[in-house]
Amino acid sequence: MSSPTRDTMLLKTPFHSRVEAACALNDWGNWMGYTTPNAYFDVELEYFAIRSTTGVFDLSPMNKYQISGPDAETYLNRLVTRDITKIGINRVGYAIWCNDAGQVLDDGTIFRFSDNEFRLCSYQRADDWLAWNSLGFDVTVENVSTDIAGLAVQGPTSCTILTLLGCENLNQLKPFGMAHYEFEGRPLMVSRTGFTGDLGYEVWVPPESAEALWDQLFELGRDYLIKPFGSHALELARIEAGFLQANTDFMPAEEVVRVGRTRNPFELGLGWLVDFNKPLFNGRAALATVQEKGSKYRFVLLDVDGNKPAEHSFIMKNGKVVGTVTSAAWCPTAKANLAYAQLEMPHGVVGDKLIAEIYYQRELHWTQLYAPCKVIEAPIFKPARRWQTPAPPH
Amino acid sequence: MNQYDAIVIGAGHNGLTNGAYLAKAGLRVAVLERNPYIGGATVSRELHKGWYYSNCSYVSSLLRPEITRDLELPRHGLQVVPFGGGATFMRNGDHFGTYADHDRHYREIARHSKRDANAYDRYAADTSLQTKLIRPYLMRMPPDPTSLKPRDLRDLMEFAQSFMSLGEEKLLDTIKFWTASVGDYLNEYFETDVIKAHMAGSGIIGTALGVYSPGTAYVLLHHYMGDVDGNVGAWGFARGGMGAIASALSKAFQSFGGDIICDANVDEIIVRNGRAVGVALKDGTEYRAPIVVSNLDPKRTFLDITNPRDLPASVVKKAQNFKIRGSSGKLNIALDGLPVFHGLDPRNRIMAGDLHFSDSLERQERAYDDWKAGTWSKDPYLDMMIPSLTDPTMAPPGKHMMSVFVQYAPPKVEGREWTDEDKDGFEKSVIDQISNYSPNFKDLILHCETRTPREIEAEVGLTEGNIFMGELTFDQLLFNRPFPGYAQYRSPIKGMYMCSSGTHPGGGVMAAPGANAAREILRDLKRPNTVPGGYADD
Amino acid sequence: MTDYDAIVIGAGHNGLICASYLARAKHTVLVIDARLVPGGCASTREFAENYRVSDCAQWLSQLDKTVVSDLQLSGAGLVLSDPKSTISLQSDASHVTFDGDTVIGATIDNEDVTDYRSFRSQMRRFAKVLATLYNGRPPKLVERNWTDRITLLKLGLGLKMLGKSHMQDLMRLALINIYDVMNEYFKHPALKSAIALDAITGSTMGPRSPNTVFSYLHKATGEFLSESGTRQVIGGMGALGSALASSAEAAGVEIKLGCKVKAIKKTGHAVSGVELIDGTLLSSKIVVSSADPTTTFKSMLGYAQMEAGMAKRAELYRNRCGTAKLHIALKALPTFTGLNHAQLSQRLIIAPPMDDMETALNPMKYSEISDQHLFDISIPSIDDPSLSPEGHHVLSALVHYVPFSPNVGWDEARQSLTDQLINEISAYAPDLKSLVVASELVTPADFERTHHVTGGNWHHGELSIDQALMMRPFPGSTQYKTAVEGLYLCGAGAHPGGGLLGLPGRNAAKEIIKGGALA
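Residue numbers (the working numbering), protein chains in the order written: chain A, 1 to 394; chain B, 1 to 538; chain C, 1 to 519.
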């Protein structure tokens, strides 16, 4: 029995000793109950490592569930809105899942290891929902979050560095593909996935290999300008790349208290992930009705005039509030002032011109700004290297 | 001079609140108290030199913030300090702790079950939804569904609409929550016995029902309805004991010119020509006022201090049928030091929280079986606190004061009155249970005050010692509290009102009944309202 | 082209009633049942050689009168006894007899007699209001359409018509326990406990449990809609099953017995038929299940075939039950102290004072065997000699509270409990033990096995408020239509619930016809 008074308030990931050493700013945050760096040395430079060299992010706190058994495929196919059978072995798929009312619970990635073996990787915890979903299926769902350590290795030189680490022919790996290697006698899995919208990989190892992995990556990557990056830099990259985040851009439906605060996939611009031609999935009936009758909201990307991020802004049309911003940032590569916003229908078709009400402060002086903005096609940052196979060396 | 504008019977927290708002409106008000001290069940007394016992109510959460602020209770000395956390000790030597910090709480549940730890977030969201539904109605008079008055119809419509806005499934889930047993309700979320048992405690405290009795999920909700500084569901200690609440209320009342008269034991409400005109004390003294407000429970109000000839027979019957069931007892213990408990580091902050020993629903249900059979629980459910870990005024430095709320204790033992031997047996079953988990506990006891329903009734005047002044079952909630047709604080006698916890929204040291009743009295007097409405809860 | 318009799973009374109404609306209907005889829980069985009993349901008191006339059950061979009075047996032989609105007993005073009459009329008043809800689909509260609005309006009107004081009484009583209400109304303990027995039958609740007034009102509403009084079916309950089956067949319904449904099948996203245990596939436009919701959703359709939220609700549906049945074959008519021959054929109950009823309940909660039980006894062979050899008799008793699976296991508990129960009855009938030829105890677990009702629950799911009315069986699958397209419910697991009402079957058929799924 452990004595809870000996608990530290936040847990440490398997990379913590290395992360702590690298965290020059000593700027820490809490992610999933883990001590995680907000920034290592300079948010902007960290961000540019992702976009021009290689950035490394400790992914270990992600929730990981191993799903196996004869019904694993049908189980997952009933869980998520896209057709899982189309994900081949050693391939990864992005997916969302809904409750019966068709409201989004979370999004995540599904790794397929074999016919009957999958791993679901999610931002939110899902133990309870996954367990309820297993009723009637011959399937085992196991929370393996602490059994696997992960690093996101993202950026133009990432393929080269990982190849040096021993990931042979990694440049042949297609986007959303997985490859298996050995690292110091233990398994190492690489998937060409990420949350940055750039060429990049996620590397998964047993926790025992974590520190050695970090050390060798940074050693081998030195000449390719490898740098660690924290949550703040990731936030910039993901906004630029068009990724949504639970609890920021939408509320996981099971945790919502107030009526009307949940969203369906269409309202989040994720209608493309809903496949009505596949077998039964949670929320199907409700979503079919939504598709027929239309939704209340639309999720859009806004290009905002000026350079003041439209954080928490109201979005107006003809003097009336028609929506609010969920995420916003000045994106250094795209050189654009971007904002994600949820707008009431029918607003938000591409090309719509709206006004963002921005408040910003300089030396304790607050300024109110009505910045014109325009609905644009997402994402704005689409480097060719992200999709190229073979992956370019730098 | 014994002539007042209004007389309030009973200087408990609701009586004082009611008096304060009437006095604030410019009325000359007297609050009469039977005991030589004020507070009713909201009291702290030095029963052992150097130790102060909140010997009835012992924690605070539900006290409406609107009232605290409006009556400037902090200025009158009230300070409520949250304790955060708690634990249930298990028979296997482990424990289940609760923490105010979300991550730490998650980790503690996950230590027992990862699934439960995750389900807790869903549970928290679902129960919050329920408290949000009910909270706006705490500082309001309940509408009468049988009435066609515009005000009732408007309020009923509003009430119906807030429920309708949930949508079909959530509305049905709400009905389920309000009618289900706490055991069945928790089974829908959790798989681990000790976690269910820890949470189920709130569903039975102060209630003559078991964890498997339908309706107990609502009692759980009642305990979640409060907050400390906006932390919904959090509980805290009034610094200086619960008496500090009564003390602050009395100062607020006196600041508006009100009189508190102690040792004034009311014999009867004087009624002339169908109107209340004052009260007569047992010693013959009379006080006159056109408004008489009873802060006694509905049974005492209508069966003890009102002459039946002044009441319609149907109301006498309703009062007789009102369900007040003694189901709890209390031990207040002066300790020579801090007891240690198996498996818990005494430095852990949760030691200052609510501590329990029932690690399964079955043990709680068996405790209830004893009550049904007319005896105290042999393996009782305890809600135990050591307030001196939070509040240094309760005991000398290094010493501790322990408050042990005991569920269940019957109002009568196998049909007869409690005897001193019964009381000793009751005390022993509680002390033995604590000792099973704490090796040094017995040796630390310096003084123990044991209160069975008999003592609580005799001293505080709560019928059967029921802490809520009436069961919190659906037949006695909202427009049914205390009984249908009389849920709007008015009695059948003109000029006579009710303001106790036996009226909406019920017990738990909310002070809302007192305030709501004052609003209705002032309305009848066509005086400007002095009572605040509820804070908007979004 | 499908084999049938509708396949009804289960030839219990609700399944047959639903099928009959559908067939009378000119639809082709097949009823399938795993058992070899029609009737489901309305069945007669030879439990010992030449001794037959109603092996599950015992009395007919709630069968809706419109069902009886619509389906011409008298013409189909249904013969009933005269209405029975209820006699509550007392250990001192000062028995208390209930007959309609009157109660008679040497120890019952006039005040209780009057109060009993006013109690009955009050319950009838409430039953009349509830009947508004029982006679059709339960209204949705938010997504309501015109039908639901009219039902709600009628309900509201019914409540207003009660008048202020009765309405207040209903608001207070609806959710509380029968224990308090009895103490408010009456003085005599036997009077209280006899009524309390009706409130707890088929449940796992004691008189002190809130919700028991509701379950009493449920029974009262059934009786109000039936107007039959409590009667015995001649030939045993199975005769009701046969009568319903012949009525159904006369209407054109095809009935397949001894055919177990293995699965409810879907094509695409809609139910399209059933698969039998032998592999036969039968197709239909809709499938209507009169099996309990757990059997329907968990075993036949399968949780994988529905969305997860619905599977969760189905899994959380509660089916606990504490009612068993005891059958005794007797070589002669037993003597009950203080009862004459005519009284022996009545409904005899053993209901100890309410506090003892509560004590009798406690062990069941922990899967233990109680020292004391509650009985609802019938000696059907007096009115119906065909049930036993000449001069011999059968005695059947509903017994409460018996756990579903005792901690010691039924192998060990069965015989000792049987003996104990016979002993308990013998306290009122001293010669009983000497007359026993054979006996059988049917536990809730046995009911689950033989009658395919989950948990052995006669109501197809506990009838607590959160599983009743517009919440039955669970949100999202109310109004007889489940969340799975083409699958309907018509059993006691649907509104208004169990008790041989026949209303779930009738209401479901009406909804199906009106909904146009068969058009």
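Since the hints were made in silico from the structure, they are not lab data.
One or more hints might be untrue.
[Stated by the list, open to error] Calculated cross-link-like contacts (lysine-lysine; reagent style PhoX-like; alpha-carbon spacing at most 20 Å):
id : chain 1 : residue 1 : chain 2 : residue 2
1  : C       : K164      : B       : K317
2  : C       : K164      : B       : K176
3  : C       : K187      : B       : K323
4  : B       : K251      : B       : K282
5  : C       : K84       : C       : K65
6  : B       : K399      : B       : K442
7  : C       : K128      : C       : K154
8  : B       : K423      : B       : K399
9  : B       : K399      : B       : K149
10 : A       : K374      : A       : K308
11 : B       : K442      : B       : K378
12 : C       : K187      : C       : K128
13 : B       : K176      : B       : K114
14 : C       : K514      : C       : K26
15 : C       : K65       : C       : K510
16 : A       : K12       : B       : K317
17 : C       : K219      : C       : K128
18 : A       : K296      : A       : K320
19 : B       : K170      : C       : K140
20 : C       : K265      : A       : K278
21 : B       : K317      : B       : K49
22 : A       : K374      : A       : K320
23 : C       : K160      : B       : K149
24 : A       : K308      : A       : K278
25 : C       : K262      : B       : K317
26 : C       : K164      : B       : K149
27 : A       : K320      : A       : K353
[Said to hold, decoys possible] Cβ-Cβ distance ranges computed for the label pairs, FRET-style:
id : chain 1 : residue 1 : chain 2 : residue 2 : range
28 : B       : A536      : C       : G156      : 25 to 33 Å
29 : A       : T367      : B       : H102      : 33 to 41 Å
30 : A       : T367      : B       : Q161      : 39 to 47 Å
31 : A       : M345      : B       : H102      : 28 to 36 Å
32 : C       : R449      : A       : M345      : 53 to 61 Å
[Said to hold, decoys possible] Where chain C lies over chain A, by a calculated footprint (3+ residues, C-beta under 8 Å):
id : region
33 : 69-82
34 : 282-288
35 : 357-367
Only a predicted model underlies this, so the values are computations on that prediction, with no experimental measurement involved.
We treat Cβ as the ideally placed atom computed from N, Cα and C, and that holds for glycine.
Tell me, which hint numbers fail for this structure? 2, 4, 8, 9, 12, 13, 16, 21, 24, 25 and 35
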